[in-house]
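Student: Here are the chains, one letter per residue:
Number of protein chains: 2
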Amino acid sequence: MPEKPTILDHQLVAESRLFGIERLQLRFANGEERVYERLRTPRIPAVLVVAVKDNGNVLLVREYACGTHSYQLALPKGAMDGHETVFEAANRELMEEAGHGGRKFTELKALSMSPGYMGHMIHVVMAEDLFEKSLPGDEPEPLEVVEHPLEDIDRLLAMEDFTEARSLAALYMVRDIMRNRK
Amino acid sequence: MPEKPTILDHQLVAESRLFGIERLQLRFANGEERVYERLRTPRIPAVLVVAVKDNGNVLLVREYACGTHSYQLALPKGAMDGHETVFEAANRELMEEAGHGGRKFTELKALSMSPGYMGHMIHVVMAEDLFEKSLPGDEPEPLEVVEHPLEDIDRLLAMEDFTEARSLAALYMVRDIMRNRK
Chain Z
1 MPEKPTILDH QLVAESRLFG IERLQLRFAN GEERVYERLR TPRIPAVLVV
51 AVKDNGNVLL VREYACGTHS YQLALPKGAM DGHETVFEAA NRELMEEAGH
101 GGRKFTELKA LSMSPGYMGH MIHVVMAEDL FEKSLPGDEP EPLEVVEHPL
151 EDIDRLLAME DFTEARSLAA LYMVRDIMRN RK
Chain P
1 MPEKPTILDH QLVAESRLFG IERLQLRFAN GEERVYERLR TPRIPAVLVV
51 AVKDNGNVLL VREYACGTHS YQLALPKGAM DGHETVFEAA NRELMEEAGH
101 GGRKFTELKA LSMSPGYMGH MIHVVMAEDL FEKSLPGDEP EPLEVVEHPL
151 EDIDRLLAME DFTEARSLAA LYMVRDIMRN RK
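So the sequence lines, in the order shown, correspond to chains Z and P. Just so we're aligned: the first sequence equals residues 1 to 182 in the working numbering. Just so we're aligned: the second sequence equals residues 1 to 182 in the working numbering.
In short, the hints are calculated from the structure, not lab data. Please note that the accuracy of each hint is not assured.
As the list claims (entries may be wrong) - Pairs of lysine-lysine, BS3-like flavour, derived with a Cα cap of 27 Å:
#1 K182/Z to K182/P
#2 K53/P to K104/P
#3 K4/Z to K104/Z
#4 K4/P to K53/P
#5 K104/P to K109/Z
#6 K53/Z to K4/Z
Claimed, not checked - Residues of chain P placed beyond 10 Å of chain Z at every Cβ, according to the derived structure:
#7 I7
#8 L18
#9 D54
#10 F87
#11 E88
#12 R92
#13 G99
#14 K109
#15 F131
#16 K133
#17 S134
#18 P136
#19 P149
Unchecked claim - Quick look at which bits of chain P chain Z covers, simulated, 3 or more residues with Cβ under 8 Å:
#20 58-69
#21 100-106
#22 137-145
Yeah, the Cβ is synthetic: ideal placement off N, Cα and C, and Gly gets one too.
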């Protein structure tokens with residue numbers, strides 16, 4: 001692995017309620033110096049849940065997405081609370097967003113979004129042995145829950161409101177696991 | 001599709017050289033009002049290139065990622081120049097980052113990272129019929145190019161420095177396409 005650049009200077013240059021923007025002055029191993037900007041990384045990571053029903057369907061939610069100002073179909077997800085384990089957070093988000101709990105959880109991989117500009121990580125968790133149970137969430141309106149066959153990812157790809165790379169990657173991972181079990 | 005919330009107010013609340021943070025006051029169809037924050041969306045989208053060699057290997061690059069302060073293995077990618085088509089941008093990024101050009105390009109899907117908080121979109125492009133050709137990029141140090149068998153995504157998942165959801169999703173998409181051709 002190459003030698004990491006040295007951080008010569010590191011400042012918070014802008015901040016809002018949710019976001020912080022950091023500026024780093026870096027010296028690379030070859031002597032090159034550059035100024036980079038990145039988002040501040042949240043202290044606590046998030047979870048993304050692939051909940052698979054016994055019939056082979058997964059649970060998706062349709063939710064308003066402010067970044068794109070559109071309704072988007074994606075996997076249930078959310079930030080972990082400080083005291084929670086990954087599986088506890090996955091189960092809570094699943095209940096809040098998709099009206100289901102799980103009895104079996106498997107952690108698959110922690111994914112980044114754009115590691116060049118942000119350190120945010122999300123833990124991909126597969127949930128099985130599901131049962132119906134809802135918890136109140138903090139959403140402004142109830143989310144629409146959509147069941148979709150895990151084997152039919154191509155139909156999701158054709159939908160304009162299904163675009164989130166993390167959800168897509170997680171669905172493929174779980175599809176591979178399910179295929180390997182057969 | 002549900003009715004989108006009404007944007008009651010929309011302000012830029014913080015800004016740096018690269019980033020802008022916007023605050024939106026929204027009224028949902030049910031009357032609920034909320035304040036959301038999101039990143040400003042770049043005017044021009046980006047491209048992500050899955051370049052497949054005739055031997056079934058794909059070209060990955062190992063590059064310093066400031067967000068995670070680590071070297072990360074991922075697909076070649078970058079912002080489009082204003083005058084470029086998606087395929088021109090894909091070919092240029094491939095030459096700059098991975099030392100190859102392509103003669104055949106296929107656009108697969110535009111992916112979002114986190115549509116709740118950012119509108120950034122990246123066009124996933126498959127490149128085939130490759131040839132060696134380098135263009136100078138703007139990186140502070142040369143990138144390490146790594147060939148990896150497209151069929152062996154599981155080995156990538158086991159690597160600590162392979163985490164980027166967009167690259168993972170794009171590799172699975174192309175693996176499906178290649179399998180369907182057989």
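Student: Are the hints correct? Go through all of them and say.
Tutor: Here is how each hint holds up against the structure:
The suggested pairing of K182/Z with K182/P holds, with an alpha-carbon distance near 21 Å, which does not exceed 27 Å. This hinted pair checks out: K53/P and K104/P have alpha carbons roughly 11 Å apart, not beyond 27 Å. Proximity of K4/Z to K104/Z is assessed by CA-CA distance (about 39 Å); at most 27 Å being required, the pair is judged violated. A distance of roughly 44 Å separates the Cα atoms of K4/P and K53/P; the hinted pair therefore is violated under the 27 Å criterion.
Taken as a hint, the K104/P and K109/Z pair is broken in the structure, with Cα atoms around 33 Å apart against an allowance of 27 Å. Distance check on the hinted pair: K53/Z and K4/Z sit about 44 Å apart at the alpha-carbon level, beyond 27 Å; violated. With a least beta-carbon separation of about 7 Å from chain Z, I7/P fails to lie farther than 10 Å from that chain, contradicting its non-interface assignment. With a cut of 10 Å on Cβ distances, L18/P falls inside the contact zone with chain Z, its closest approach being about 4 Å.
Separation of D54/P from chain Z is adequate, the least Cβ-Cβ distance of about 24 Å exceeding the 10 Å criterion. Consistency note on F87/P: stated as away from chain Z, and its beta-carbon is indeed over 10 Å from all of that chain's, at 19 Å minimum. Its beta-carbon lying about 22 Å from the closest one in chain Z, E88/P satisfies the requirement of being farther than 10 Å from that chain. Every CB of chain Z lies more than 10 Å from the CB of R92/P, the least distance being 18 Å, so the non-interface label holds.
The Cβ of G99/P lies farther than 10 Å from every Cβ of chain Z, with a closest approach of about 17 Å, so its non-interface assignment holds. Not every C-beta of chain Z lies more than 10 Å from that of K109/P, the closest at about 6 Å, which undercuts listing it as non-interface. At roughly 27 Å, the least C-beta separation between F131/P and chain Z is larger than 10 Å, which holds for a residue marked as non-interface. Remark: the non-interface label on K133/P is consistent with the geometry, its nearest Cβ contact in chain Z lying 24 Å away (cut-off 10 Å).
No Cβ of chain Z approaches the Cβ of S134/P within 10 Å, the least distance being about 18 Å, so the stated non-interface status holds. For P136/P, the shortest C-beta to C-beta distance to chain Z comes to about 14 Å, beyond the 10 Å cut-off, and the non-interface label holds. At roughly 15 Å from the closest C-beta of chain Z, the C-beta of P149/P stays outside 10 Å, upholding its exclusion from the interface. Check result for the stretch 58-69 of chain P against chain Z: holds, 8 residues qualifying (beta carbon to beta carbon below 8 Å, three or more required).
With 0 residues bearing a CB less than 8 Å from a CB of chain Z, the stretch 100-106 of chain P misses the requirement of three and the coverage assertion fails. Three residues within the 8 Å Cβ limit are the bar, and the stretch 137-145 of chain P against chain Z gives 3, so the coverage statement holds.
Of the numbered hints stated above, those contradicted by the structure are hints 3, 4, 5, 6, 7, 8, 14, 21, listed in ascending order.
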